[in-house]
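Whole structure, please, built from the sequences with the hints as guidance.
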Amino acid sequence: MSKLPADFYQKVYALVRTIPKGRVTSYGAIAKAIGSPQSSRTVGYAMNASHQQEDVPAHRVVNRNGVLTGKHHFSGTHAMQQLLEAEGIEIKDDQIQNFKKHFWEPEIQKA
DNA sequence: ATAATGACTCCCC
DNA sequence: GGGGGAGCCATTA
Numbered sequence: 002m003s004k005l006p007a008d009f010y011q012k013v014y015a016l017v018r019t020i021p022k023g024r025v026t027s028y029g030a031i032a033k034a035i036g037s038p039q040s041s042r043t044v045g046y047a048m049n050a051s052h053q054q055e056d057v058p059a060h061r062v063v064n065r066n067g068v069l070t071g072k073h074h075f076s077g078t079h080a081m082q083q084l085l086e087a088e089g090i091e092i093k094d095d096q097i098q099n100f101k102k103h104f105w106e107p108e109i110q111k112a
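The opening residue of the first sequence carries number 2 in our numbering; numbering runs sequentially from there.
Hints may contain errors.
[Claimed, not checked] List time: in silico DSSO-like cross-link candidates among lysine-lysine, alpha-carbon distance up to 30 Å:
(1) K22 - K101
(2) K33 - K12
(3) K12 - K22
(4) K22 - K102
(5) K33 - K102
(6) K33 - K93
(7) K22 - K33
(8) K12 - K102
(9) K101 - K12
(10) K22 - K93
[Claimed, not checked] Derived Cβ-Cβ restraints for the label pairs, each shown as a range:
(11) T70 - N99: 16 to 22 Å
(12) T19 - Y46: 15 to 21 Å
(13) Q98 - Q54: 26 to 32 Å
(14) G77 - S37: 30 to 36 Å
(15) S37 - Q83: 27 to 33 Å
(16) E91 - D8: 33 to 39 Å
(17) G36 - Q96: 27 to 33 Å
Since the hints were made in silico from the structure, they are not lab data. Ideal Cβ placement from N, Cα and C applies to all residues, glycine included.
As structure tokens, then:
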């Protein structure tokens with residue numbers, strides 16, 4: 002792994018870990034929370050690596066539309082959906098119902 | 001150091 | 001409302 006820039010991942014992991022159960026957030030929100038609102042793409046990239054972590058509920062992270070875009074990267078096809086449903090979140094066709102209601106905005110972390 | 005990739009987001013048609 | 005293209009950032013080859 003890199004030496005310094007990896008700090009970005011740490012921020013993402015820490016923030017995703019703070020996501021309350023039964024709540025979801027978007028990559029852009031996380032990116033913004035860590036101080037890089039335009040690094041939404043990198044956030045998703047970090048999530049890919051987050052799979053190595055066990056305390057990082059990546060299933061609570063979806064795109065700004067509330068769609069489980071990354072479900073394909075999970076263990077199974079519906080693993081992500083099932084996990085979210087288990088937390089009380091209703092999902093239909095990979096789309097979180099009441100996403101706005103379940104949406105959880107992370108706190109802005111200063112550099 | 002340059003080029004290519006990616007779990008995103010925004011703008012335009 | 002739906003589809004396509006460009007932009008940005010960090011990592012990897």
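Now for the hints, and whether the structure bears them out:
With a C-alpha separation of about 15 Å, the suggested pair K22 and K101 falls inside the 30 Å cut-off, and the hint holds. Restraint check for K33 and K12: satisfied, since their Cα atoms lie roughly 11 Å apart, inside the 30 Å limit. A hinted pair counts as satisfied when its Cα atoms are at most 30 Å apart, and K12 with K22 qualifies at roughly 19 Å. For the hint pairing K22 with K102, the CA-to-CA distance comes to about 13 Å; that is within 30 Å, so the pair holds.
The straight-line distance between the Cα atoms of K33 and K102 is roughly 20 Å, inside the 30 Å bound, and the hint therefore holds. At most 30 Å may separate the alpha-carbon atoms for a hinted pair to count; K33 and K93 meet this at roughly 27 Å. Distance check on the hinted pair: K22 and K33 sit about 21 Å apart at the alpha-carbon level, within 30 Å; holds. Pair hint K12 plus K102 holds up; C-alpha atoms about 25 Å apart against a cutoff of 30 Å.
The suggested pairing of K101 with K12 holds, with an alpha-carbon distance near 24 Å, which does not exceed 30 Å. This hinted pair checks out: K22 and K93 have alpha carbons roughly 19 Å apart, not beyond 30 Å. In this structure the hint that T70 and N99 lie 16 to 22 Å apart at CB holds, the actual value being about 18 Å. One distance hint, 15 to 21 Å for the beta-carbon pair T19 and Y46, holds here, with the actual separation near 20 Å.
The hinted range of 26 to 32 Å is satisfied by Q98 and Q54, whose Cβ atoms lie roughly 28 Å apart. Checking the proposed 30 to 36 Å range against G77 and S37 shows it holds: the Cβ atoms sit about 31 Å from each other. For S37 and Q83, the Cβ-Cβ distance of about 31 Å falls inside the hinted range of 27 to 33 Å, so the restraint holds. A C-beta distance of roughly 36 Å is found between E91 and D8, which places it inside the suggested range of 33 to 39 Å.
Taking the beta carbon of each, G36 and Q96 are about 29 Å apart, inside 27 to 33 Å as hinted.
In summary, the structure agrees with every hint in the numbered list given earlier.
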